[in-house]
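2 protein chains.
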Amino acid sequence: MVNYARIADTGKPRVVIIGGGFAGIELAKSLRDADVQVILIDKQNYHTFQPLLYQVATAGVEADSIIHPFRKIFGKQNNFYFRLAEVQFIDTEKQVVETSIGLIRYDYVVMATGATSNYFGDEQMENNAIALKSIDDALTLRNTILHNFEKSLLTDEDEQMNSLMDYVIVGGGPTGVEVAGALSELRKHVLPKDYKELNFKEMDIHLVQSGPQLLKGMSDEASRKAQEYLESFGVKLWLNRRVKSYDGYTVTLDSGETLITRTLIWAAGVSGAPVNGIRKESMLRGNRLQVNVHNRVLGYDNIFAIGDIAAMVTDEYPHGHPMLAQPAMQQGRLLGKNLVNMLSGKPLKAFNYSDKGAMATVGRNHAVADLKMFNKEIKTQGFFAWVIWMFIHLISVIGFRNRLVVMVNWLWSYFTYDTGNRLIVGFTQKNVPVEETMTHKTLI
Amino acid sequence: MVNYARIADTGKPRVVIIGGGFAGIELAKSLRDADVQVILIDKQNYHTFQPLLYQVATAGVEADSIIHPFRKIFGKQNNFYFRLAEVQFIDTEKQVVETSIGLIRYDYVVMATGATSNYFGDEQMENNAIALKSIDDALTLRNTILHNFEKSLLTDEDEQMNSLMDYVIVGGGPTGVEVAGALSELRKHVLPKDYKELNFKEMDIHLVQSGPQLLKGMSDEASRKAQEYLESFGVKLWLNRRVKSYDGYTVTLDSGETLITRTLIWAAGVSGAPVNGIRKESMLRGNRLQVNVHNRVLGYDNIFAIGDIAAMVTDEYPHGHPMLAQPAMQQGRLLGKNLVNMLSGKPLKAFNYSDKGAMATVGRNHAVADLKMFNKEIKTQGFFAWVIWMFIHLISVIGFRNRLVVMVNWLWSYFTYDTGNRLIVGFTQKNVPVEETMTHKTLI
Numbered sequence: 001m002v003n004y005a006r007i008a009d010t011g012k013p014r015v016v017i018i019g020g021g022f023a024g025i026e027l028a029k030s031l032r033d034a035d036v037q038v039i040l041i042d043k044q045n046y047h048t049f050q051p052l053l054y055q056v057a058t059a060g061v062e063a064d065s066i067i068h069p070f071r072k073i074f075g076k077q078n079n080f081y082f083r084l085a086e087v088q089f090i091d092t093e094k095q096v097v098e099t100s101i102g103l104i105r106y107d108y109v110v111m112a113t114g115a116t117s118n119y120f121g122d123e124q125m126e127n128n129a130i131a132l133k134s135i136d137d138a139l140t141l142r143n144t145i146l147h148n149f150e151k152s153l154l155t156d157e158d159e160q161m162n163s164l165m166d167y168v169i170v171g172g173g174p175t176g177v178e179v180a181g182a183l184s185e186l187r188k189h190v191l192p193k194d195y196k197e198l199n200f201k202e203m204d205i206h207l208v209q210s211g212p213q214l215l216k217g218m219s220d221e222a223s224r225k226a227q228e229y230l231e232s233f234g235v236k237l238w239l240n241r242r243v244k245s246y247d248g249y250t251v252t253l254d255s256g257e258t259l260i261t262r263t264l265i266w267a268a269g270v271s272g273a274p275v276n277g278i279r280k281e282s283m284l285r286g287n288r289l290q291v292n293v294h295n296r297v298l299g300y301d302n303i304f305a306i307g308d309i310a311a312m313v314t315d316e317y318p319h320g321h322p323m324l325a326q327p328a329m330q331q332g333r334l335l336g337k338n339l340v341n342m343l344s345g346k347p348l349k350a351f352n353y354s355d356k357g358a359m360a361t362v363g364r365n366h367a368v369a370d371l372k373m374f375n376k377e378i379k380t381q382g383f384f385a386w387v388i389w390m391f392i393h394l395i396s397v398i399g400f401r402n403r404l405v406v407m408v409n410w411l412w413s414y415f416t417y418d419t420g421n422r423l424i425v426g427f428t429q430k431n432v433p434v435e436e437t438m439t440h441k442t443l444i
Numbered sequence: 001m002v003n004y005a006r007i008a009d010t011g012k013p014r015v016v017i018i019g020g021g022f023a024g025i026e027l028a029k030s031l032r033d034a035d036v037q038v039i040l041i042d043k044q045n046y047h048t049f050q051p052l053l054y055q056v057a058t059a060g061v062e063a064d065s066i067i068h069p070f071r072k073i074f075g076k077q078n079n080f081y082f083r084l085a086e087v088q089f090i091d092t093e094k095q096v097v098e099t100s101i102g103l104i105r106y107d108y109v110v111m112a113t114g115a116t117s118n119y120f121g122d123e124q125m126e127n128n129a130i131a132l133k134s135i136d137d138a139l140t141l142r143n144t145i146l147h148n149f150e151k152s153l154l155t156d157e158d159e160q161m162n163s164l165m166d167y168v169i170v171g172g173g174p175t176g177v178e179v180a181g182a183l184s185e186l187r188k189h190v191l192p193k194d195y196k197e198l199n200f201k202e203m204d205i206h207l208v209q210s211g212p213q214l215l216k217g218m219s220d221e222a223s224r225k226a227q228e229y230l231e232s233f234g235v236k237l238w239l240n241r242r243v244k245s246y247d248g249y250t251v252t253l254d255s256g257e258t259l260i261t262r263t264l265i266w267a268a269g270v271s272g273a274p275v276n277g278i279r280k281e282s283m284l285r286g287n288r289l290q291v292n293v294h295n296r297v298l299g300y301d302n303i304f305a306i307g308d309i310a311a312m313v314t315d316e317y318p319h320g321h322p323m324l325a326q327p328a329m330q331q332g333r334l335l336g337k338n339l340v341n342m343l344s345g346k347p348l349k350a351f352n353y354s355d356k357g358a359m360a361t362v363g364r365n366h367a368v369a370d371l372k373m374f375n376k377e378i379k380t381q382g383f384f385a386w387v388i389w390m391f392i393h394l395i396s397v398i399g400f401r402n403r404l405v406v407m408v409n410w411l412w413s414y415f416t417y418d419t420g421n422r423l424i425v426g427f428t429q430k431n432v433p434v435e436e437t438m439t440h441k442t443l444i
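Going line by line, the protein sequences match chains Z and R.
The numbers in UniProt numbering rise by one with no breaks, and the one at position 162 of the first sequence is 162.
The numbers in UniProt numbering rise by one with no breaks, and the one at position 139 of the second sequence is 139.
Keep in mind that the hints were calculated from the coordinates and are not lab data.
Note that beta-carbon positions come from the ideal geometry of N, C-alpha and C, so glycine has one too.
Incorrect hints may appear among the rest.
[What the hints assert, rightly or not] Calculated Cβ distances over 10 Å to all of chain R for the following chain Z residues: (1) Asp220; (2) Arg242; (3) Leu284; (4) Asp418; (5) Ile424.
[Stated by the list, open to error] Calculated pairs, DSS-like style, for lysine-lysine (alpha carbon to alpha carbon, straight line, at most 25 Å): (6) R:Lys76 x Z:Lys196; (7) R:Lys43 x Z:Lys29; (8) Z:Lys76 x R:Lys196; (9) Z:Lys193 x R:Lys196; (10) R:Lys76 x Z:Lys193; (11) R:Lys76 x Z:Lys76.
[Claimed, not checked] Derived DEER-like restraints, expressed as beta-carbon distance ranges: (12) R:Thr10 x Z:Leu237: 37 to 45 Å; (13) Z:Leu237 x R:Glu197: 48 to 56 Å; (14) R:Glu197 x Z:Phe391: 54 to 62 Å; (15) Z:Phe391 x R:Tyr417: 25 to 33 Å; (16) Z:Lys216 x R:Met407: 41 to 49 Å; (17) R:Asp35 x Z:Gly217: 56 to 64 Å.
Using the sequences and the hints, build the whole thing.
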């Protein structure tokens, strides 16, 4: 007997959305009044506001305030059904999604599976590095950082101490820059109060970037200022360097230099997170699915892809749109309208990315922004950019209460130079066990 | 070589406190200006406000807002040292605490290890039940509840459905009453919105209590009203019943009746959590350490016990004081003063419990309180008791920001009939795997 998942058949065309990131939830929302049945499948029961993961990892905001349960977001949308499940395979012949809770039939299926960290085949790196793509990652990093300092109290050997107190961040994009900035703020304002027994001059923060400049894709002004800010905060930049290997203790750069750390944060590369069953010919570089201007996956009639997993190749974007929230949300919104058009036999609208610019925050009062509005390009850095960054991120967090909690956290931190609670809760830390390599000296 | 933990010797008498619950932190605080070195050891890096654990478990408040890191609480206390470690043994001869991070020498050691769930030797119960003593417990329960409803969507067999939707709470003390009340509020106001596909008439909440009345130790009025409130909320009470066994699915009562549930919440009994190395003769019923009026453990000069782990036998309290926050805090505070007196050769003050009464909340606008103030006993139930309960708990949460977040949550819930985020984050659920026993019907 074939086990179908138990979902009522409403008699309406079924749109199955795989993944509830920015693209997936915007699509589900834009189908609010459509005469369809919307089924969202995700392996978590909540949407994650990824741009603030780095603040969870550095104890800036609570995890709960940047995630929001799907059932709450869509509580009033009557054509919406959520299922907590992992997708295993899409049978495009039978039009069925195979999941951990059974088969789910579809009329239209939309891949909104996002991106996953790309370690370029380096398994040792994958095992030893910490990524920053999910709440679990962020809490693992927070626990690891706090455990590191607790462990630093147990040794007085310089190298052991430094392996615990030093951090290496790989990747000079927004995430890498933001983590480096947040760690340097912790070093300056917070950690010395918590760990009076440690000397924070020993804490080094290294940022490794393969190219000659940070924030690739942003303006030269933004890159230059971000570099200036990070250097003034005491972050050690390693430009034009790649990490050759990391065994959980020694980082070897392609230039031959080595760094010692028990905590390497991987913010270097992502690739699409495709689902088994889609034909290989539709897949481009970096595991992204090639779509046409209506986000239809090449070679299929009723399979679509939106957001990071989709590569819409155009003259302006020969490798697809940037893997950011804005294109994902815009594609999700438009696909909703196009599905309605499709069902009523109306012509479809081609996607046209409205680029609103990019920004990154480096620390208190310091951010960089390249904004595009009213057909103008505004480049700004420093306090004003930082205020804009906060405002835009605050209004983008889903849920009024979440917004309130994030705002309270930020205001608190701003005026007290203190951060959120430095808590080690439930999630395991990730690094090489330190106990064996360490000698407890008798200093009693 | 003996591995001593690396803690600077300040040349002052060393007071080692094991456990940072209510008793432990009050003691550490009251030694603020004392000429001693205070070392607090705990296996978590934070203090837990246990009275609100049930709200974390039922998605009422965020976990982060009821816990507070020790390093933050004592950031300004210069004689204070914290160590994240598990205590394995106390060598009372050598005056050394053996821990996971090495040996810690002491001049005075104070057990403030609190209480742990007591399953009275029933291993099957211990494996299958969920307790409510720590943040990990509370998050495990929250995840289990939410998973249960996601799984309920997968079946249409009545018994399977009920095993997932029904809850059995064992123990009619404050925790049992509060959990039963909170679950019935979820059933009435929150879950039907999240799970429109389920019929919440199927959700039963059972509360099993060994004696004839709830809230033993409180006044008859309080017990009677708590029972009346719970019954009006549709909680099924099983008074004068004990649970004989629970295999993760079937609960068998000593009266022969059986209940079906995959989630049994154990709020029935606690016992002291003593440390190895203390002589057995000092231990009373329920694993509590017998102490004199100065909280000195019987048979020792420099070993003390405070809070739940301590049993100070007096005429008024023949089994020791109630295992509550108030006696723990008062004992911690007094012991701090007495240690200072001891060091300066002054006479010690005997402990005299100032009973301020007890209270329990059953739900929105419904609480019961037996207050003792100004030498008067005030018994009140209903809205006024509920307001007092909220006020007292709010001001007792440590940290201004935590208080603010809890208040925002409560106000939000009160006016919207909504709760906090229903999130399944990172912690595993605890119940018997449902997949094997379940048939997915083809209802597509």
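Do the hints match the structure? See the list:
{"no.": "1", "hint": "Asp220", "result": "holds (40 Å)"}
{"no.": "2", "hint": "Arg242", "result": "holds (32 Å)"}
{"no.": "3", "hint": "Leu284", "result": "holds (33 Å)"}
{"no.": "4", "hint": "Asp418", "result": "violated (8 Å)"}
{"no.": "5", "hint": "Ile424", "result": "violated (5 Å)"}
{"no.": "6", "hint": "R:Lys76 x Z:Lys196", "result": "holds (10 Å)"}
{"no.": "7", "hint": "R:Lys43 x Z:Lys29", "result": "violated (45 Å)"}
{"no.": "8", "hint": "Z:Lys76 x R:Lys196", "result": "holds (10 Å)"}
{"no.": "9", "hint": "Z:Lys193 x R:Lys196", "result": "violated (49 Å)"}
{"no.": "10", "hint": "R:Lys76 x Z:Lys193", "result": "holds (8 Å)"}
{"no.": "11", "hint": "R:Lys76 x Z:Lys76", "result": "violated (49 Å)"}
{"no.": "12", "hint": "R:Thr10 x Z:Leu237: 37 to 45 Å", "result": "holds (40 Å)"}
{"no.": "13", "hint": "Z:Leu237 x R:Glu197: 48 to 56 Å", "result": "holds (53 Å)"}
{"no.": "14", "hint": "R:Glu197 x Z:Phe391: 54 to 62 Å", "result": "violated (39 Å)"}
{"no.": "15", "hint": "Z:Phe391 x R:Tyr417: 25 to 33 Å", "result": "holds (31 Å)"}
{"no.": "16", "hint": "Z:Lys216 x R:Met407: 41 to 49 Å", "result": "holds (44 Å)"}
{"no.": "17", "hint": "R:Asp35 x Z:Gly217: 56 to 64 Å", "result": "holds (60 Å)"}
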